[in-house]
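Engineer: What follows is the residue order along each chain.
Protein chains: 4
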Amino acid sequence: MIGIGVIGYGYWGPNLVRNFMERSDATVRHLSDLDAGRLAVAKARYPTIVTSTDYTEMLSDPKVDAVVIATPVATHYPLAKAILESGRHVLIEKPMTDRSETAEELIALAARKGKVIMVDHTFIYSGPVRKMKEIIDSGELGELYYVDSVRVNLGLFQQDVNVLWDLGAHDIAIMNWLIGSEPLAVSAIGAAHFKDGAEDIAYMTALYPNNCIAHLHTNWLAPVKVRMTLIGGSRRMIVYDDMEPSEKIKVYDKGMSVTTREDIYRILVQYRAGDMHAPRLDQTEPLSAECAHFLDCIRTGATPITGGELGLSVVRILDAAQRSLKEQGRLVPLRGSAEA
Amino acid sequence: MIGIGVIGYGYWGPNLVRNFMERSDATVRHLSDLDAGRLAVAKARYPTIVTSTDYTEMLSDPKVDAVVIATPVATHYPLAKAILESGRHVLIEKPMTDRSETAEELIALAARKGKVIMVDHTFIYSGPVRKMKEIIDSGELGELYYVDSVRVNLGLFQQDVNVLWDLGAHDIAIMNWLIGSEPLAVSAIGAAHFKDGAEDIAYMTALYPNNCIAHLHTNWLAPVKVRMTLIGGSRRMIVYDDMEPSEKIKVYDKGMSVTTREDIYRILVQYRAGDMHAPRLDQTEPLSAECAHFLDCIRTGATPITGGELGLSVVRILDAAQRSLKEQGRLVPLRGSAEA
Amino acid sequence: MIGIGVIGYGYWGPNLVRNFMERSDATVRHLSDLDAGRLAVAKARYPTIVTSTDYTEMLSDPKVDAVVIATPVATHYPLAKAILESGRHVLIEKPMTDRSETAEELIALAARKGKVIMVDHTFIYSGPVRKMKEIIDSGELGELYYVDSVRVNLGLFQQDVNVLWDLGAHDIAIMNWLIGSEPLAVSAIGAAHFKDGAEDIAYMTALYPNNCIAHLHTNWLAPVKVRMTLIGGSRRMIVYDDMEPSEKIKVYDKGMSVTTREDIYRILVQYRAGDMHAPRLDQTEPLSAECAHFLDCIRTGATPITGGELGLSVVRILDAAQRSLKEQGRLVPLRGSAEA
Amino acid sequence: MIGIGVIGYGYWGPNLVRNFMERSDATVRHLSDLDAGRLAVAKARYPTIVTSTDYTEMLSDPKVDAVVIATPVATHYPLAKAILESGRHVLIEKPMTDRSETAEELIALAARKGKVIMVDHTFIYSGPVRKMKEIIDSGELGELYYVDSVRVNLGLFQQDVNVLWDLGAHDIAIMNWLIGSEPLAVSAIGAAHFKDGAEDIAYMTALYPNNCIAHLHTNWLAPVKVRMTLIGGSRRMIVYDDMEPSEKIKVYDKGMSVTTREDIYRILVQYRAGDMHAPRLDQTEPLSAECAHFLDCIRTGATPITGGELGLSVVRILDAAQRSLKEQGRLVPLRGSAEA
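Residue numbers (our numbering), protein chains in the order written: chain A, 1 to 340; chain B, 341 to 680; chain C, 681 to 1020; chain D, 1021 to 1360.
Rather than coming from a laboratory, the hints here were simulated on the basis of the structure. Hints are not guaranteed to be accurate.
Said to hold, decoys possible - Each computed BS3-like pair below joins lysine-lysine, with the alpha-carbon atoms no more than 30 Å apart: (1) Lys-225/A - Lys-254/A; (2) Lys-225/A - Lys-905/C; (3) Lys-1346/D - Lys-934/C; (4) Lys-115/A - Lys-63/A; (5) Lys-565/B - Lys-1151/D; (6) Lys-1063/D - Lys-383/B.
Just need the whole structure built from these sequences, with the hints factored in.
Structural biologist: Laid out in structure tokens, this is it:
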């Protein structure tokens, strides 16, 4: 039975607590939040959990083996540092930290302490993303040409980061994982419409090795939620629509080859040229699979799929994108980037 | 009865011929195409039209008042020049020409000859785009924050331009017209996956006055047709999905204001926060409205909505985007741009 | 603090337990299921609940004020009877019982005991259905012409009733409530494809007063979930698509009146003739609203919206439909039906 | 070159004229309509066609080999009779006639005269319906359980028949052709909301051999166009959504077999249990394929796919449904029905 502490009971914290509480091989022993009202909500539902507005209390409970951080980004580094130094495993909400130097420091600290450091890039554990990884790794798509992601919704509520750090962290992790490498350079451009100056719309392009181009549209001023990714290869292409209730992943054949002018005209009025296939997807809650993986890594010492390295890479890309944003689209090479 | 000549009977030419033939105030007298097979197809359907592989024949028929150009982009300038010099009105398929200097020259020539020059930016005449223009001009959206367009499909068949010149010309015309001004600067980035080196994927960002940001995703390697535009304002937002059979235009209220942490969490799991309204749209074929407008301008001497100025602005933006593409996203200011 | 007992922890029971456990004015004290494995699952999550394979144990706990029945239909009557006789309020999963005589008997018993009897017709408490009720009651639709419901999915797993009793009970409750009356007669026809003889496809038509026709398609052999209701009135019409993530309720204007032959041809190629409006919907979990209402009725003695009368009416309609099914569509008048 | 006469230039006539005019092996020589205004519209577009308000004129032109009837249903029988008696082939808009006796008489007359009689059941020639036929005939679906069709739209404009005769004729032809037999009996129920008494909503159930049940929802009072057919077999199932721009045909695997209670609960919250496949469809205009087939049958003497037999069967089913409608759902056996 692995003892868990959770810091932060805002939007995402309740999902983390629920998932660890539903398991038979772990339990949440401590919960901390600065807002006593939020703690009362949790207590009513989970009377056995010890709550406190002071997170350091859980660090003095020897039965707490691992701590989960679900707080604003700016606090990730100091909290994770304290947790690791106390000799505990740590699971950090995305993005890992707010600049790459601190992420690097945490990875080194975890290694020194022999503890698991994992970042909560939940989508990597979802049925659709795992199915796409399986399809890409099988070579079914052929050569990978592009990955295009749109992640937009009403959301001008995040206080300490811009929209790219908030929404984009998801897609950057997905892109890195699916493509299997890191970008060589990024370009980003955006706009801020409110007084605090943080971008509420941002576009990022990442140039990956082998002429694979990735692009990301993040937007907090959109009327509806859109989460759509197009992945193009030389043989097949994927449309991943996470808002679609039934068919989130569709795989399209490129269709017949075009040889005559009449072929071209025919293609131009069609919606698609080849067959489509929508595979059945694992419906397991992604966070549930992620929590199981975290506990596994604690028990076996394995490196998490979404460990420090992936978390750092996402922060490094966001760092570079931030610099490009300031220079309105200038291409920024990635320091130390390398194919995975 | 206005006499029309048409040059080019490829993908779009047949639609132009059909629309002019169905009118009672105009008729197509001449049709020219380099491919005799295409001319035979047209002749079977419209036995009264004189066909020729030499377009200059129509310029010696005094009953031809106006000529429509539906040929590859590189030929637009010499053809339009010859037509205007022969003292005829001209309607040019988009984009107007392949560089801004020649577009400027054609505008000057048309003015000197006192003839109508119009560019076939068909979408400007469509029910959905006209409805959006009406909504924006009414002030219903509030301050305009962004316009985001996606126009992707299988289409690696265009030989003489890249994907931005081909697909992007549509959206750039729409953006300029809806926003009512020209961008101050553009940034573009893309990738070419085939040997001829023309980009098959390209992203363009255009910075318009008043902090309005516009973005465009064009892609010839996409498995399905997507034509979607999001327009965000301070009060309301529009989703325009041209592939949607029934509800192409949806107008969303921003919804309730958010004051507490719980409000935020509630919003984050929702798809939208306010009411949505999908106005009935005029179903007239856009090209039919456009042809009527062209004939009107010929009769009255009025300046077309999609006249030389809009056509030139689109080419000027494409020119700048082309330079930015070569420098991988560097922001390129627009020469001579000004608010309309 | 109202003490709750729950009988049955299969598909629906866990949702009932969770909702009562999350409230501050009630708590689940006892849970009973014949399957000890299911009880262990519940116990891990809610350690404070007393579990037993014998439901009579909870009836000897004086702190249990009300019992919720979430068991197969055939057991509803004996369980509800025992609960009411023990002087407790009862909430029964739909359908209330498997024939109208026993439903009538339970209503009389609850009245005699002065206890609340409520049926778990959850959809009545959902945002979309409540919004439709509000629209219909406002007279916005005009005269009501028809209600057409489709509720189909893979589901050949229910053992003790046919598809109409299983899936149809939802829509019959919704129809009665929205129309505000009971049908005068019903016709039903269906087919059974497996050995036990219960219909896995069934169609039911119900003739309501004022020439309002209602129809229901239930099907356990459908490849995808469909839950769609069309409601037609003389002025406006509603499409309710419960699988649609964002716009479950769409209200359509009838559109312009048709006077000429050309108008007709124009209408025939269109998807719709008038504006559409999709109101924002309350996102509260329906079962949460229902549990709150049950507790309210217990405290105030009010009659539940989905009380015995509605539950009985649904069973009475299902009874009549069952007779019609046996006679392959013959119209069966409803005994004792009357406008609500 | 086969000479064609067309009677009726209302909603559908223009499509017939256009399709025959675009062919190289046929031409429309005569067009007749009672409305001179409609003839003028046609004349402007096709100056070579002889028009007349008296259809008998075309019967004296020896170059007219075949006549197409696109007039109201009540006129089909007398017109077709006159055409066949004049020794010409005939293509009749659906439904063939307004009662089965006259349809039988026309078949006998065509046989006697050795002429082709064909009914314009256009959908039989469409890509999606032909693909479904191919799938069903391959045995891929397994045993056929049901066919369920919805065909609804705003359409209270047809004067001489009710909604079932108008819209239902399409689906009945499709059902017969796909199932490969005729129903043994039908039940129908509906409602009329306007003074002329014709049903504007009607539901029909048809019991086919081998326990295959077919159902049809036709409705002229629906806010949006819906054309959806579900076809269920023991192994696979088809969803045919004719309003879907890109994926009209989806084939679903039944998915994994269910063995435990937990399996069942898992299935119940899912949208589907197996893979889905959307085959590429032939995009040829159905009416174009149909016209080609009509001309082929004229040349070769072959019996049309949608010949008199299918046309008669549709009328016979509509006749029986009409009787059932009058008796509010009573099952009516089909006279003379037999497996095809």
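Engineer: Each hint should be assessed against the structure and marked as holding or not.
Structural biologist: Verification of the supplied hints:
1. Lys-225/A - Lys-254/A: Within the cut-off at roughly 28 Å; holds.
2. Lys-225/A - Lys-905/C: Since the Cα atoms of Lys-225/A and Lys-905/C sit roughly 22 Å apart, the hinted pair holds (cutoff 30 Å).
3. Lys-1346/D - Lys-934/C: holds (29 Å)
4. Lys-115/A - Lys-63/A: holds (16 Å)
5. Lys-565/B - Lys-1151/D: holds (22 Å)
6. Lys-1063/D - Lys-383/B: holds (18 Å)
When each numbered hint is compared with the structure, no violation occurs for any of them.
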